[in-house]
Every structure is written in structure tokens, then in C-alpha cells.
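> Each chain is listed here by its residues.
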Amino acid sequence: MRLLLQATGLELVKIFSKWRTYIGFATMAVLVPIIMWLVRRYGFGIEHEALNALGGSFEYTGSLANGLLVSYYLMNVLWVHFPFFIVLVAGDVVASEGAAGTFRLWLTRPISRLQVITSKFLAVFVYTLAIVFFMGLCCVGLGMLIVGGGDLFVFDKGILILAQNDALLRFLLAYLIAALVQMTVAALAFLFSTWTNNSVGPIIGTYAVIVVSLILTVLQIGVLAQVRPYLFVTYFDVFFMPFADPIPWGEIALKLSRLGLFVGAFYLISVISFLRKDIRT
Amino acid sequence: MFRGLRVNKPFLFRRRCGLKFAVAMAETDQIVLQTFNLSKRFGHRWAVADLNLAIERGQIFGFLGPNGAGKSTTIRMLLSLIRPSRGTFAFFGKNIRQHGYKIYQRLGALVEKPDFYLYLSAARNLQMLGTLTGGVARRRIDEVLEIVKLNERARDKVKNYSHGMRQRLGIAQAILHDPELIILDEPTTGLDPQGIREIRQLIVSLARDHGKTIFLSSHLLHEVEQTCTHMAIIDNGKLVVQGAVHDLLRETDFFVTEVQVDKPRKALNILKKTDWIRKVKLSDGVLKVQIDEAQRPQMVGLLVSQGIQVAAVIPRSSLEDYYLSLIKPTGLGR
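Taken in sequence, the protein lines are chains A and B. Sequential numbering from 1 applies to the first sequence in the working numbering. Sequential numbering from 1 applies to the second sequence in the working numbering.
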């Protein structure tokens with residue numbers, strides 16, 4: 001166990017020694033403040049669209065747009081855009097070592113292959129947690145700092161008004177769930193990474209699976225309804241559920257457990273692939 | 001698939017075909033590495049076929065063979081980088097299948113070209129590898145870097161290293177945790193003559209002064225001849241010969257004592273009649289005599305007593321000739 005933790009630490013050193021690891025962090029550190037500043041300067045169009053859709057049922061004065069509302073909408077990037085930062089690292093973590101030939105050094109030490117692959121998986125998990133929470137921190141923190149705080153108006157089957165403190169707790173829960181959702185993406189990229197010595201393949205492969213799966217989930221074709229439960233993207237929307245009232249804990253637990261099954265399956269196949277892999281580079 | 005199981009000391013093997021055979025493992029702990037019918041198949045081709053090697057403690061064991069003979073495949077199997085298709089092996093008398101990866105605590109290896117984490121420094125690379133072998137003191141890292149003469153560049157990123165420096169760092173990581181057995185695959189590749197000499201001296205010193213056993217894979221015959229005490233030659237994945245370098249050469253025409261004399265014809269006739277001289281021939285005016293080392297003074301005395309002036313006595317061995325006599329010529333396309 002001690003060796004596994006040490007190896008995980010070393011994997012984190014390797015991950016955080018590569019510049020590609022910081023692309024996601026840098027992008028958010030630059031992009032989120034710009035978005036927040038633009039909202040503060042020019043307003044937030046979505047707010048008006050949402051209120052117009054309610055058909056003028058009630059009046060309001062001032063602006064409903066605040067840092068929390070912008071953060072809520074920014075969570076939509078977690079569907080397709082954000083996974084890029086995940087696969088960039090998760091797709092590289094095994095493949096790059098195969099390509100670089102460094103497995104020859106690593107695997108000739110008194111450490112089992114199971115420990116090696118598990119330490120890499122754990123390191124990817126830590127990276128995923130770190131980058132998702134960094135995004136949460138950037139969005140919510142900078143949102144409140146630049147645009148301002150206040151109650152969060154959630155426009156979903158009506159209007160739900162959440163007090164600032166309640167909204168912050170729900171954001172915390174949402175990002176925790178989002179980290180687990182992104183871990184599914186990471187686990188798939190990780191699996192592909194064990195099959196090749198080129199990190200481009202896992203990145204493109206994972207993205208292809210996500211995009212195709214998303215297309216299959218939105219197409220209203222009857223026969224696809226039978227396929228959807230087997231697509232992990234079907235459960236992606238779970239990170240928005242903490243903003244419902246009441247919070248559907250049962251549904252969240254069910255969706256997370258299914259995503260957990262996907263993560264477990266991807267990890268298991270990765271382990272089997274890696275244990276059987278001949279290191280010939 | 002092949003299964004190996006241990007019954008007290010000897011191993012009992014059962015091949016897929018059902019053939020049973022036992023290979024008794026040496027009772028002594030002097031054997032540090034032993035392979036038992038070790039084989040690897042890629043597709044329809046056997047890269048290594050039924051290889052049986054035995055390396056004893058303190059030996060510098062040269063593993064020779066032409067390109068594609070199966071040297072690197074063998075080493076990769078020994079280091080569990082690739083899985084044998086058949087057969088097994090034991091380090092220090094312990095079957096790898098039973099004792100697993102922990103046995104690698106006692107050996108160090110450099111497989112082909114050394115590839116490190118280029119974005120990390122040499123010291124950081126060694127520190128990481130040391131952690132996996134139970135932790136290595138900072139002092140030891142400095143020590144091995146000094147041995148391979150990289151101590152002044154220890155904090156530089158490996159991406160800024162030359163090939164020779166990386167090669168030396170490869171040797172540093174192999175000896176980092178003070179292993180008993182060191183497996184080196186072409187360790188002098190890419191080094192300049194000075195570097196090659198230093199590495200050779202280091203290998204000899206590790207065996208002689210520190211009691212390490214060295215398994216040295218190479219296709220450089222003079223390297224093996226100058227460095228190794230024992231050797232095995234493989235060709236097309238099969239073991240051709242194995243034994244002490246000196247013994248192997250002594251039994252052949254490739255270990256001779258050259259004698260330069262003023263009357264070569266007369267000397268030839270004298271030596272031919274001497275029963276303690278195994279073989280003698282005259283070639284380009286030089287006598288080539290197969291004789292034990294201890295009997296050289298006696299031979300010189302004999303020639304001088306017969307009125308022949310001896311100008312030079314030069315012991316020569318030619319591993320190259322011996323090697324070429326064993327390896328089947330297959331042309332450039334092998």
C-alpha cells in the first residue's frame with residue numbers, strides 16, 4: 001500500500017512536470033475572468049431570454065445576472081469542451097511512457113504492474129479532481145468577485161430562487177459530482193491509453209466516443225432508447241441535479257453508481273490490458 | 001499455456017503438448033540467474049527457443065549474438081517486460097512465477113537505450129527510481145552520479161544530455177540500489193572511445209571489487225573478450241555455446257600462441273614431434289601453436305636448446321574468428 005501511494009505521488013510529479021497539464025488550468029485562469037468581466041461590462045443575454053420565455057408573468061427590476069448565474073451557465077462546458085483538458089492528460093499518461101520507452105525503467109523495479117497501472121489511474125483521478133475544482137473555484141470565486149454575488153435564479157421548468165449560501169453549497173456538490181462525471185471520461189481515455197504508444201489516439205478516440213454518444217442520446221429515434229442506458233454520456237447531466245428542488249438524491253445516487261460502474265469497467269479492462277502488454281519499445 | 005510449479009528444489013514443467021520433463025535447479029546459491037527452456041514466439045517465428053542459461057555469482061557473463069538473434073527479447077523476458085511463450089527463469093534460485101516482482105529489488109538493469117523522463121533532472125529521475133526500490137539516500141544518488149561522472153550535471157534536465165551522458169545515467173540507475181546482479185544491454189552504444197573504456201573498467205570493477213554479477217549483452221566481440229569471464233552465444237534464438245571465455249577459446253583453433261623464430265620450418269618439425277603441444281602450424285612464417293599457458297616457457301626452452309632463436313612469443317585469442325565459425329552466415333537481410 002505504501003509503495004502504491006509513493007508510486008501515485010511519483011505519477012503526480014510526472015503529470016505536473018509536463019506543460020500540457022497546465023493547458024486546462026491556464027485556459028480557465030485566462031478565459032473565466034474575461035467572461036466575467038464581459039458580463040459585468042455588457043450584461044448577460046441569457047437572463048433576458050429566460051425571462052421572456054416566462055411570458056411576462058411577473059415583473060422584476062434591476063439585474064438577475066450575478067456571478068453565480070454566470071457560473072451556473074458556464075457549467076455547460078462540462079459536456080463537451082471541458083473533457084478536452086481531461087483527455088489531454090488521461091490519454092497521455094500510459095501511452096507516452098510506452099512511446100518514450102520509460103516503462104523499461106519503471107517496470108524493472110520491484111513494483112508490480114498492477115501497482116503501476118493503479119498508481120497512474122489514481123494520479124489521473126487526482127488531476128481530474130484538481131482541474132474540476134479549479135474550474136469551480138475560478139467560476140464561482142471570480143464570478144462573485146468580478147460580477148458580484150446574490151441569489152441564484154435557476155431557470156428550469158420554472159424559476160427556482162436559491163439564497164447565496166444555499167447556492168454555494170449546491171455548487172460545491174455539483175462540482176464534486178462533475179469531478180466524478182469527468183472521471184468517467186478520464187477512465188475511458190486512460191483505457192485507450194493502455195492500448196497504444198501514441199497519446200493522440202486516446203485523445204481523438206475518447207472524443208469520438210463522447211460526440212457519437214451525445215448524438216445518440218439526443219436523437220429521438222425509438223430504437224436508440226434501448227441503447228442509451230449503456231452510454232455513459234446519458235448520465236452526464238447529473239451535475240445539474242443539485243440545483244433542482246428538492247434535490248433528487250435517489251436519482252443522483254443511481255446515475256453516479258452507473259457512472260461508477262463505467263469507471264470500474266474501464267479501469268478493469270485497463271488493468272487486464274496492461275498486465276498482458278508486452279513492452280517492446 | 002506453460003505452467004511451472006516447484007517441488008522442493010527441482011522444477012517440474014508441463015508443456016502444452018503434455019510432455020513432462022524435470023530440470024533440476026542447481027542446489028547451490030551460487031547460481032544467480034537460470035533460465036529453463038525460455039522461449040518467445042512472435043507470430044509464427046520463435047525469437048527465442050528453449051534457452052537454458054546459468055550464470056553464477058561474480059561472473060561477467062557476455063551474451064553474444066548477431067542483430068535479431070534474440071538477445072534483447074531474452075533480456076526483456078528476464079525483466080518481465082514481455083511474457084515468455086514457454087519456459088521460465090529463476091533469479092537467485094527463486095522462480096519468478098512464484099516470487100514475483102520483488103526479486104527485482106536484487107537486480108539492476110539497463111535495457112537497450114536508456115530513456116528517462118526528459119523533463120526532469122538526472123537527480124530527480126534517480127530519486128524517483130530509487131523510491132520504487134525502497135528509497136535511496138541522497139548521498140547514494142550523488143555517489144552513483146559521481147561514478148558515472150555526471151555529478152556536475154546532476155541538476156540539468158535529461159533532455160539537455162547527450163546520448164553518451166544518457167547512457168552513463170542508464171548505468172547509474174542500474175547500480176543505484178546496489179543490486180547483486182546487473183543486466184546491461186549494449187551499455188557502450190553511442191559512447192566515445194574514452195567513455196567505452198570507462199564503462200568497461202566500471203563493469204570489471206563492479207564484478208571484481210564489489211562482487212557484482214554482470215550479465216552483459218553485446219554484439220561487440222572485443223568488448224566481451226576484454227571484459228567477460230563467461231559467455232553464451234545465441235543465433236536465431238537458439239543457444240549455440242555457453243561457458244568460460246578462456247575455456248571455450250582454448251579448445252579451439254582460435255586460441256594460439258604465435259611464435260616468431262629464425263628457422264620456422266625446423267621449429268615446426270620439432271614442435272610437431274612434441275606430445276604436449278596440441279597443435280602447431282606455420283602460417284606466413286609465424287608458428288601458431290596450441291599449448292597450455294603454463295607450458296610456454298618449456299616450449300621456448302626446447303626451441304632454444306635446438307639452436308633456434310626465438311624472437312617473440314605472443315599469446316593470441318580470436319573470439320571474432322571463433323564467433324564467426326559458430327554463427328551461420330545469413331547475409332544482410334537477417
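If you're looking for bench data, these hints aren't it; they were derived computationally from the structure. Here the structure is a predicted model, which means the values were calculated and not measured. Among the hints, a few may not be true.
[To be verified] Pairs of lysine-lysine, BS3-like flavour, derived with a Cα cap of 25 Å:
(1) Lys263(B) <-> Lys238(B)
(2) Lys279(B) <-> Lys266(B)
(3) Lys272(B) <-> Lys288(B)
(4) Lys149(B) <-> Lys113(B)
(5) Lys273(B) <-> Lys288(B)
(6) Lys288(B) <-> Lys277(A)
(7) Lys272(B) <-> Lys238(B)
(8) Lys238(B) <-> Lys281(B)
(9) Lys238(B) <-> Lys18(A)
(10) Lys266(B) <-> Lys281(B)
(11) Lys94(B) <-> Lys277(A)
(12) Lys18(A) <-> Lys94(B)
(13) Lys157(B) <-> Lys18(A)
(14) Lys113(B) <-> Lys94(B)
(15) Lys266(B) <-> Lys238(B)
(16) Lys113(B) <-> Lys277(A)
(17) Lys159(B) <-> Lys149(B)
(18) Lys263(B) <-> Lys273(B)
[What the hints assert, rightly or not] Distance windows between CB atoms, simulated:
(19) Asp247(B) <-> Lys18(A): 44 to 54 Å
(20) Gln98(B) <-> Asp278(A): 15 to 25 Å
(21) Glu146(B) <-> Lys18(A): 43 to 53 Å
We put the CB at the ideal spot given by N, CA and C, even for glycine.
> Hint check: Lys279(B) vs Lys266(B), CA-CA at most 25 Å. Holds or violated?
holds (16 Å)
> Taking 25 Å as the top limit, are the C-alpha atoms of Lys94(B) and Lys277(A) close enough?
Distance ~24 Å between Lys94(B) and Lys277(A) Cα, so the pair holds.
> Using the beta carbons of Gln98(B) and Asp278(A), state whether their distance is inside 15 to 25 Å or not.
holds (22 Å)
> Just to be sure I understand the hint, the distance between the Cβ atoms of Glu146(B) and Lys18(A) should be within 43 to 53 Å; is that true here?
Since Glu146(B) and Lys18(A) have Cβ atoms about 29 Å apart, the given range 43 to 53 Å is violated.
> Evaluate the given range 44 to 54 Å for the C-beta pair formed by Asp247(B) and Lys18(A).
holds (52 Å)
> Taking 25 Å as the top limit, are the C-alpha atoms of Lys273(B) and Lys288(B) close enough?
holds (15 Å)
> Check the hint pairing Lys266(B) with Lys281(B) against an upper bound of 25 Å on the C-alpha distance.
holds (12 Å)
> Does Lys157(B) pair with Lys18(A) here, judged by a C-alpha cut-off of 25 Å?
Given that 25 Å is the threshold and the Cα spacing comes to 13 Å, the pair holds.
> For the pair we were handed, Lys288(B) and Lys277(A), check the Cα-Cα distance against 25 Å.
Violated, because 53 Å separates the two Cα atoms, which is more than 25 Å.
> Would the hint linking Lys263(B) and Lys238(B) be met if the CA-CA limit is 25 Å?
violated (46 Å)
> Need the status of pair Lys266(B), Lys238(B): alpha-carbon distance at most 25 Å?
Not OK: Lys266(B) and Lys238(B) at ~45 Å, beyond 25 Å, violated.
> Hint check: Lys238(B) vs Lys281(B), CA-CA at most 25 Å. Holds or violated?
Given pair Lys238(B), Lys281(B) is violated - Cα atoms ~33 Å apart, limit 25 Å.
Of the hints listed earlier, those the structure fails to meet are numbers 1, 6, 7, 8, 9, 12, 14, 15 and 21, in rising order.
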